[in-house]
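Sequences are here, hints too, so could you generate the full structure?
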Amino acid sequence: MFETSFTSSDLLFMLQGAGVTLSITAWAMVFGTLAGVASGLICTLLPRTSLPLAWLLDAFRSVPLLIQFVLFNAFKSIAGWDYSAFAVACAVLSVYTAAYCCEIVRGGLQSVPPSLYRAGRSLGLSGAQTLASVIAPMATRVAFPGWINLVLSVMKDTSLVLWIGIVELLRASQTIVTRIQEPLLVLCIAGALYYVMSLAVARIGHGIETRWQDHD
Amino acid sequence: MLDFDYEFQWRQALDAWPELLRGAGVTLEIAVLSMVLGTFIALALTAMRGAHYALPRWAAGAWVSVARNTPSLFQVYMLYFGLGTLGVMVSSWAALLAGITFNNAGYLAENFRGGLKAIPPTQTRAARSLGMSAFQSFRFVVLPQLLRVVFPALTNQMVWAILMTSLGVTVGLNADLTGVTQELNVRTFRTFEFFAIAAAMYYLMAKFVMSVARLMSWRLFRY
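Protein sequence lines, in the order shown, are assigned to chains V and Z. The opening residue of the first sequence carries number 1 in my numbering; numbering runs sequentially from there. The opening residue of the second sequence carries number 217 in my numbering; numbering runs sequentially from there.
Worth double-checking, as some hints may not be accurate.
Derived contacts from chain V toward chain Z, CB cut-off under 10 Å, selection only [stated by the list, open to error]: (1) S62; (2) F75; (3) I148; (4) L152; (5) T158; (6) S159; (7) L187.
Covered stretches of chain Z (chain V as the covering partner; in silico rule of three or more C-beta atoms under 8 Å from a C-beta of chain V) [said to hold, decoys possible]: (8) 227-239; (9) 286-293; (10) 297-307; (11) 385-395; (12) 417-424.
To be clear, the hints were calculated from the coordinates, so they are not data collected in a lab. None of these values were measured; they are calculated from a predicted model. Every residue gets a Cβ at the ideal spot worked out from N, C-alpha and C, and that includes glycine.
Structure below.
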């Protein structure tokens, strides 16, 4: 017969973990997107001068996130900074997000034909105006699905912060597993929570996409 | 801001390089194995998703969506701790390999589906009417073109596989690059130095894979 010592307070604990997962994702996405859009613009507008920036961001894409967390955490202790593990997690994930977001933004900007820029200029718009009201709206539509994919992948990558001692969803379920010794059940619940969160983000993203298509 | 009183001890970390290099070998081995297995499974999944019957279609769809919508760390945990409950004892090495393979197959199946769209179905019909069997027309007409379309995605996934092997340390694997680094770290407490070197090695491996892939694509896809 099916018996379990999994209680409702355990579920609450896991939901709190899911809340931490979501809040780390949100912070990382906000800062990462801001930095990513900025660096994407720089990389597209000044492809030669921004080569060092591109290399730097490429390094963050070529090193496992787990190692980045450990490295930055160790560096924090060496430098004597008094930040919480949560801040470290958000900072590292932001840079990681920015590295990917830069590529997405660059791809979006490059998908806009250069003749549109010239058309905007010949209509009397300034360079900045053309960028803001001609190029950006078109590039956003191209880049948006990639950005939603980035949200999904960052949300999944937050599970790695358990290594630096933050109790997020996966860590919370591991704690419960240690107590009640039913890994299969608890992990299935954790997986279902991740699945639902991903599905929700994907749905919202899809909704926005179709809404934008209506106005085209 | 950066006037910390900490003596960096790079010598100790650099002296350990034979061990780290062996770890990098294990990392590459797991990544390559998982990619080879993952590609075959992904091809099977792609075929199953286009199948006539509902059951294989559903199974393949479930595989792909679970692999893509849950963290890879969760997948490795599930195989290591979850299978243990069912009485199947897997080593951390096998759990890691299976986890990454599961993940690779899910992502690659999605890429393959996109790639198949680029190949007109008339080609299969033409091959079939030339007397090729269904398998032959897939093997000699569709597959070569498909591989060309999905090659960049395969390369990216290979880099991802290398980065994902670092998850082995969370289930107690101590043979791959991260595992070796963590062992040395526990022994010496020189966290920053060891992990910085490991990061550099991962970077070099990723670049190595990218350049090999570029050479291969020149060799394979000329004409």
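Okay, the hints, checked on the actual structure:
1. Residue-level restraint check for S62 of chain V holds (minimum Cβ-Cβ distance to chain Z is 4 Å; threshold 10 Å).
2. Proximity of F75 of chain V to chain Z holds as hinted, the smallest CB-CB distance being about 6 Å (cut-off 10 Å).
3. Restraint check, I148 of chain V versus chain Z: the minimum CB separation of about 13 Å is more than 10 Å; hint violated.
4. For L152 of chain V, the suggested interface contact is upheld, since its CB lies about 7 Å from the closest CB of chain Z, less than 10 Å.
5. The closest approach between the C-beta of T158 of chain V and any C-beta of chain Z is roughly 8 Å, which is under the 10 Å cut-off, so the hint is satisfied.
6. A least Cβ separation of about 4 Å between S159 of chain V and chain Z falls short of the 10 Å threshold, and the interface hint therefore holds.
7. For the restraint placing L187 of chain V at the interface with chain Z, the shortest Cβ-Cβ distance is roughly 5 Å, inside the 10 Å limit, so the hint holds.
8. Closer than 8 Å: that is the beta-carbon criterion, and the region 227-239 of chain Z has 0 residues meeting it against chain V, so the requirement of 3 is violated.
9. Proximity of the region 286-293 of chain Z to chain V, defined as three or more residues with a beta carbon under 8 Å from a beta carbon of that chain, is established by the 6 residues found.
10. Residues of the region 297-307 of chain Z with a Cβ under 8 Å from some Cβ of chain V number 5, which satisfies the need for three, so the listed coverage holds.
11. Against chain V, the region 385-395 of chain Z contributes 3 residues with a C-beta closer than 8 Å to a partner C-beta. That satisfies the three-residue criterion, and the hint holds.
12. Requiring three or more residues with a Cβ within less than 8 Å of a Cβ of chain V, the coverage given for the region 417-424 of chain Z holds, as 4 such residues are present.
Hint violations for this structure: numbers 3 and 8, all remaining hints satisfied.
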